[in-house]
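**Q** Sequence order for the protein chains is A and B.
Using the numbering used here, read the first sequence as starting at 1 and increasing by one per residue.
Using the numbering used here, read the second sequence as starting at 1 and increasing by one per residue.
Simulated from the structure, these hints should not be mistaken for lab results.
Glycine included, every Cβ here is placed at the ideal spot set by N, Cα and C.
Any given hint could be a false lead.
Where chain A lies over chain B, by a calculated footprint (3+ residues, C-beta under 8 Å) [to be verified]:
#	region
1	25 to 38
2	73 to 80
3	149 to 156
With a straight-line Cα cutoff of 30 Å, these simulated DSSO-like cross-link-like pairs (lysine-lysine) come out [unchecked claim]:
#	chain 1	residue 1	chain 2	residue 2
4	B	K110	A	K268
5	B	K30	A	K268
6	A	K432	A	K288
7	A	K432	A	K380
8	A	K268	A	K295
9	B	K157	A	K380
10	A	K380	B	K110
11	A	K448	A	K106
12	A	K268	B	K165
13	A	K403	A	K432
14	A	K268	A	K380
15	B	K110	A	K465
16	A	K448	B	K30
17	A	K432	B	K157
18	A	K403	A	K380
19	A	K307	B	K30
20	B	K165	A	K432
21	A	K475	A	K432
What follows is a set of in silico ranges between Cβ atoms, one per label pair, in the way DEER data are often shown [as the list claims (entries may be wrong)]:
#	chain 1	residue 1	chain 2	residue 2	range
22	B	L62	A	S40	51 to 59 Å
23	A	E461	B	D103	16 to 24 Å
24	A	R92	B	N159	23 to 31 Å
25	B	A67	A	A294	18 to 26 Å
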Amino acid sequence: MSASNTSITVYVPRDSTALALCAEQVAAAIAQQAAQRGISINLVRNGSRGMFWLEPLVEVATAAGRIGYGPVESEDVAALFDADFLNGGQHRLALGLVEEIPYLKKQERLTFARVGITDPLSLPDYLAHEGYAGLRRALTMPSAALVQEVLDSGLRGRGGAAFPTGIKWKTVAATVAAQKYIVCNADEGDSGTFSDRMVMEDDPFMLIEGMTIAALAVGATRGYIYVRSEYPHAIAALNQAIATANSANYLGDNILGSASSFHLEVRKGAGAYICGEETALLESLEGKRGVVRAKPPLPAIEGLFGKPTVINNVISLASVPIILARGAAFYKNYGMGRSLGTLPMQLAGNIRRGGLVEKAFGVTLRELLQDFGGGTASGKPIRAVQVGGPLGPYLPPSLFDTKLDYEAMAAVGGMLGHGGIVVFDDSVDMAKQARYAMEFCAVESCGKCTPCRIGSTRGVEVIDKIVAGQPQQIKLLRDLCDTMVNGSLCAMGSMTPLPVLSALDHFPEDFGKGELGQAA
Amino acid sequence: MQIEASVPQAVPSDPSVDLNQVRSIIQEFKTLPGAMLPVLHAIQDALGYVPPSVVPLIADELNLSRAEVHGVISFYHHFRQQPAGRHIVQICRAEACQAVGADALVAHAKAALGCDFHGTSSDGQFTLEPVYCLGQCACGPNMQIDDDLHARVSSDKFNRVLRAKRGVQ
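For reference, chain A alone in the conformation it holds in the complex:
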């Protein structure tokens, strides 16, 4: 092994998926082996590149670039040292230059440009990778110009509803009040989604910067990040990053010597799915039950504590720094139709290469599932995918050539939402999935409106009857779904029917035998 007096940088991710796959033990084994062999290394805990089938993905900085090894188990570490991995040596886990791995190379990473590359909690690292360039520019602009820049970028809310972010900001900016708030909806409760979690764990300063720019744009001085309690690693990373940003004056009073101030705080949710709905989230932040509010008034006019409030999803706010740093024109150059920019999509469930894929809007589902995902993990055919979370419909393979764009997806009865894609192979029972959708709604309904509270429980019962051999109940189920769609106060009740009806429409054969399929 070549002895060197300059220490070699080794990266072991601290993203929670990597930790769930024993990254901590791998990092400890690397430190121990290095010490044992008298080699000085600089061990950096980076974020994850989002190629989760390769985690823990260990990288070594070489003159040619970062060389990857993965998935590494702690038992592999001694052999890696023997193979001189610190100088890019050959080993069965060697992946070559990480940037050249097709899964990563084919992406268009704007929001996730730093994720997996930097140490998430190092402010110098953030600054060295274009961090706070957006805020520095924002500090030179009048607030109206800031709002205009976000409007011009075409950015739409990445939480699912796809409402133009700039219009929301404009409303808050135009509303006169002594106190305004920026609230980040980090209650990422949808199955199949983890891009918010990755931002918070793997590049938290980006979210903080986005919220600070939002505050400058609308004249808010206080902000909250409402994070679900299921994400302890995200909460810890954010708290540490906020403390660092405060002490370096990127947060707090008179940010970077300007006249503007912004105080930011993390609040922990308590396991209620409905608190991902913006008005329920505001109720929860106020210390109440997370019950949905009727709109109007819009949160932009009467939001948190009755004050004008920008409430945006994590990815929406995290998209803002690069828009400010590079300009609206740069950002809107990506995408298609009215879906501009990029969307970090998440491949999950029964998929061979699960992970995060950031692409401009317009990629097809098939490209994501096959070219990136490599088909199912089980090796069986894909039968259904659920796009957009538990309230998204199930799509059959005949729709996989649909382009991922908000309007194109809506045209085939789908939804793109936040880009979460959950894959099922041909062992899936779609009647069971439909029943689960209703059951989930029954467990998680806030209870405020009847169609959601009672309809979901009745939905479970009706599906049970259908499966037990009563096809005439299918009409009743469709009726019930219609009531929920049209009579519910928020998306929980009005969209739970989507997975149910899509299962009925696309997979009728699962709702009984023989003629029951016809009846559907």
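Start from chain A and add chain B according to the hints.
**A** Positioned in the frame of chain A, the structure of chain B alone reads:
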């Protein structure tokens, strides 16, 4: 018929709860805007649950009714009103984990611990809870024990992880 004036029902005192500790927790957080959740989190973090005996204290300090406080505690899945086992085992039941065998893992966990969801193993070590997504959806089935995550959990891995937890106590 004479209607008696309603008297607030006495909350049974619980000698195992140190009310002074609870009072100081409430004092620490009560000035935050929307202090309720931070207060409840801090109490549960300290005691392992939110005992009924602390409800009047919270109500008094936050200037709310007991019903309002109880309403919040009972609304959120995270807050528990009885002590749990030493470790909380959460298994994800959501779609992405279902697609890779979460239901089988749940059945195994229930059998291995001898309890249903929200129950505790007879040795008092593990309380089993369902969770709807841990955000590790590309590597299911997933579970979390206390704050430790485990991905791609098979029945064997479940047994190993629990044995290790027992071993380190």
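**Q** Compare the structure with each hint and give your call.
**A** Each hint tested on the structure:
{"no.": "1", "hint": "25 to 38", "in the structure": "holds (count 6)"}
{"no.": "2", "hint": "73 to 80", "in the structure": "holds (count 5)"}
{"no.": "3", "hint": "149 to 156", "in the structure": "holds (count 4)"}
{"no.": "4", "hint": "B/K110 x A/K268", "in the structure": "29 Å, holds"}
{"no.": "5", "hint": "B/K30 x A/K268", "in the structure": "16 Å, holds"}
{"no.": "6", "hint": "A/K432 x A/K288", "in the structure": "34 Å, violated"}
{"no.": "7", "hint": "A/K432 x A/K380", "in the structure": "19 Å, holds"}
{"no.": "8", "hint": "A/K268 x A/K295", "in the structure": "25 Å, holds"}
{"no.": "9", "hint": "B/K157 x A/K380", "in the structure": "24 Å, holds"}
{"no.": "10", "hint": "A/K380 x B/K110", "in the structure": "29 Å, holds"}
{"no.": "11", "hint": "A/K448 x A/K106", "in the structure": "45 Å, violated"}
{"no.": "12", "hint": "A/K268 x B/K165", "in the structure": "26 Å, holds"}
{"no.": "13", "hint": "A/K403 x A/K432", "in the structure": "28 Å, holds"}
{"no.": "14", "hint": "A/K268 x A/K380", "in the structure": "40 Å, violated"}
{"no.": "15", "hint": "B/K110 x A/K465", "in the structure": "27 Å, holds"}
{"no.": "16", "hint": "A/K448 x B/K30", "in the structure": "28 Å, holds"}
{"no.": "17", "hint": "A/K432 x B/K157", "in the structure": "26 Å, holds"}
{"no.": "18", "hint": "A/K403 x A/K380", "in the structure": "24 Å, holds"}
{"no.": "19", "hint": "A/K307 x B/K30", "in the structure": "21 Å, holds"}
{"no.": "20", "hint": "B/K165 x A/K432", "in the structure": "34 Å, violated"}
{"no.": "21", "hint": "A/K475 x A/K432", "in the structure": "18 Å, holds"}
{"no.": "22", "hint": "B/L62 x A/S40: 51 to 59 Å", "in the structure": "54 Å, holds"}
{"no.": "23", "hint": "A/E461 x B/D103: 16 to 24 Å", "in the structure": "20 Å, holds"}
{"no.": "24", "hint": "A/R92 x B/N159: 23 to 31 Å", "in the structure": "29 Å, holds"}
{"no.": "25", "hint": "B/A67 x A/A294: 18 to 26 Å", "in the structure": "23 Å, holds"}
In terms of the numbered hints stated before, the structure departs from hints 6, 11, 14, 20, listed from lowest to highest.
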